[in-house]
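Trainee: Protein sequence lines correspond, in order, to chains A and B.
Residues 1 to 96, numbered by the numbering used here, are exactly what the first sequence covers, in order.
Residues 1 to 196, numbered by the numbering used here, are exactly what the second sequence covers, in order.
I should point out that these hints are in silico values taken from the structure, not numbers from a laboratory.
Keep in mind the model is a prediction, meaning the values are calculated, not measured.
Hints are supplied without guarantee of correctness; some may be wrong.
Said to hold, decoys possible - With the Cβ distance kept under 8 Å, some of the chain B side facing chain A (calculated, not the full set):
hint	residue
1	L11
2	L15
3	Y20
4	G21
5	Q43
6	L46
7	D122
8	L168
9	H169
10	L182
Claimed, not checked - Below, computed lysine-lysine pairings styled on DSBU-like, alpha-carbon distance capped at 30 Å:
hint	chain 1	residue 1	chain 2	residue 2
11	B	K52	A	K75
12	B	K48	A	K75
13	A	K47	B	K165
All residues carry an ideal CB built from backbone N, CA and C; glycine is no exception.
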Amino acid sequence: MSECSRNLCARVGELLLQFRDGSLPIDDLTFVREHLHRCPPCVGIFKSYEEVVEVLQRLQPVRMPPGLLERMRRKIAEGASIEDEQNDPDGPCADA
Amino acid sequence: MPPDPPIRALLDPELLLERYGERIYRLARRMTNSDADAEDAMQNTLIKILRKADTYRGDSDPMGWIYRITLNEAREIHRRRSRRPAVSLDQLPIEFDESGHALGVRDHERRPDRAAMATEIDERIRAAIDELPDGYREAVVLHDIEGVPYAEAADLLELTLGGFKTRLHRARLHLRSRLDALWSEMTADGARTEDA
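Given the sequences, and given the hints that come with them, work out the whole structure.
Mentor: Structural data, given as structure tokens:
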């Protein structure tokens, strides 16, 4: 722990994404591994970082509410008719 | 018979709903964290796609184009209806004690039973995603939830790969701090129950 410093921990914090996805250059990889070896708080941060990604990947699925597609069909038709009205030269917005 | 060109599904409301409706709704729902807002964003997206279909220049899967329109519509509605300002992620969301050690780390061996708290975790994470600034929320939803690869998601958000990863990383760290707070609450509740 005595070898930790705010700067080192912060630097590791910045590299966690690349450490996790395996895209760190070798020097940084060695630095992070060595730091994690002697810094339990950073190990905790890394574990909870992993946990967040896991939680995000396992969020309950979104399901379409009942009747949604039917409502969309209707709204699309209404949307189209509004546009048609605006483009209609004889419509309410036509020049007198 | 040759397959339908992608543009056909962008011009025909029925095909559009059948092929892409669910994915549009899912992305809009994740982005807005509200059934009503997701429905409005979906409606705007569908109408925009149908109106702009003839400007689509791609010759393959138009999902990227559709995602971009959905993100814009969802972002617009979320901005208009958001009750709270987004959290600031200018600083790396890791806190340190006076001696320079990282804070906010709980004991992983003693964490509460996650399976039993799935609904609560789900709600907390959704709320935490909702308070992220637009670009950060979009990064998490696209990559971590919808599984869009880095490069594609960066392209959708018009970011460099490095810029995209920075946003995603900061968003994850913010969510981590919210999840950690939930664990601390649960641990404290458990301790109180044991003391009683």
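Trainee: Hints numbered earlier in the text: which of these fail when held up against the supplied structure?
Mentor: 1, 2, 3 and 10
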